[in-house]
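What follows is the residue order along each chain.
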Amino acid sequence: MATVAYSGSISPLPLPERLLSVEALPEPQTLRRFELSMGMAPGKGMVFLINGKAFDSERIDTQVKLNAVEDWEVANVDPDMMDHPFHLHVNPFQVIEHNGKPAPYPAWKDTVLVPAGETVRLRAHFSDFPGKSVYHCHLLGHEDLGMMGTVKIAS
Amino acid sequence: MATDGGSLFELVELKELLLSPGEGAEVLVRGEREPGEYRLLNLAYNHGEMEMMGGDGMMGKFSAR
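As given, the protein sequences belong to chains A and B, one line each in that order. Those letters in the first sequence? Residues 1 to 155, by my numbering. Those letters in the second sequence? Residues 1 to 65, by my numbering.
The hints are simulated quantities; they were obtained by calculation from the structure and are not laboratory data. Do not rely on the hints blindly, as some may be mistaken.
Stated by the list, open to error - Okay, the calculated bits of chain B under chain A, using three or more residues with CB under 8 Å as the criterion: (1) 6-13; (2) 17-23; (3) 34-44.
Unchecked claim - Pairwise CB distance ranges, derived in the manner of DEER restraints: (4) Glu26(B) / Glu35(A): 30 to 36 Å; (5) Lys101(A) / Gly48(B): 17 to 23 Å; (6) Met40(A) / Ser7(B): 40 to 46 Å.
For every residue, glycine included, the Cβ atom is placed at its ideal position computed from N, Cα and C.
Could you put the whole structure together from the sequences, leaning on the hints where they help?
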C-alpha cells in the first residue's frame with residue numbers, strides 16, 4: 001500500500017494528550033432493531049433486506065421525532081454470513097455496544113461494520129434536520145439489491 | 001486519531017485497522033524506529049462476499065510492518 005522510508009534522527013515531538021471532545025449523548029427515548037439479511041424473490045433472484053423488506057422509495061420505514069435520541073440495534077442475521085457495513089446519512093452516531101460489549105472509546109461514526117452474526121448498538125441524536133434520509137449497507141451491490149431504508153425525521 | 005465521523009477524544013494506538021467500505025480513518029504513523037523502510041500493508045480480509053457480486057466489495061485492512 002505504501003512504503004515509508006526515513007533516516008537520521010530528530011528529537012521526537014510529543015503527541016497531543018487530548019484531541020477534540022466527543023460529547024456523551026443522553027439516554028435514548030427509543031430503541032429500534034434492524035435485521036440485515038438476504039433472500040430470494042420471485043423474478044428478482046437475490047435480494048438484500050432490512051427487517052425482511054427490500055428498499056421501496058415510496059415507503060417510509062422509520063419515523064423519528066426531530067431532536068430525539070435513539071438507539072438502533074443493527075443485527076446481521078444474514079444466513080449467507082456476509083458482512084454488512086451499515087451507513088446512516090445526515091446524522092452521525094456513536095457505537096454504544098458491539099455484541100453486548102461497550103465500545104472501547106467514544107467516537108463519531110457514519111458507517112459501522114456489522115460482521116456476520118453480530119449485533120451493533122448505535123446511538124444518534126436526530127437534531128437540526130427534518131426531512132427524509134436513508135440508511136443502507138455500504139456495499140454497493142447489497143444496497144442496489146434492496147438493503148436500504150428510508151428514515152423520516154419530523155417534529 | 002479520527003474516524004469517518006470526526007476526531008477522537010484521545011489518540012488510540014493500533015497495529016492494525018480494519019476499514020469496511022464507507023469507513024474512514026486518520027492515522028499518524030510514528031517514525032521512531034530504526035531508520036529504514038517500513039511497509040504499510042493492505043491485508044487480506046474475508047468478509048463473506050461472493051464472487052458474483054463484482055469488485056465493489058473490497059475491504060481494506062492495513063498494518064505497519
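Here is how each hint holds up against the structure:
no. : hint                             : verdict
1   : 6-13                             : holds (count 7)
2   : 17-23                            : holds (count 5)
3   : 34-44                            : holds (count 8)
4   : Glu26(B) / Glu35(A): 30 to 36 Å  : holds (32 Å)
5   : Lys101(A) / Gly48(B): 17 to 23 Å : holds (22 Å)
6   : Met40(A) / Ser7(B): 40 to 46 Å   : holds (43 Å)
The structure meets every hint from the earlier list without exception.
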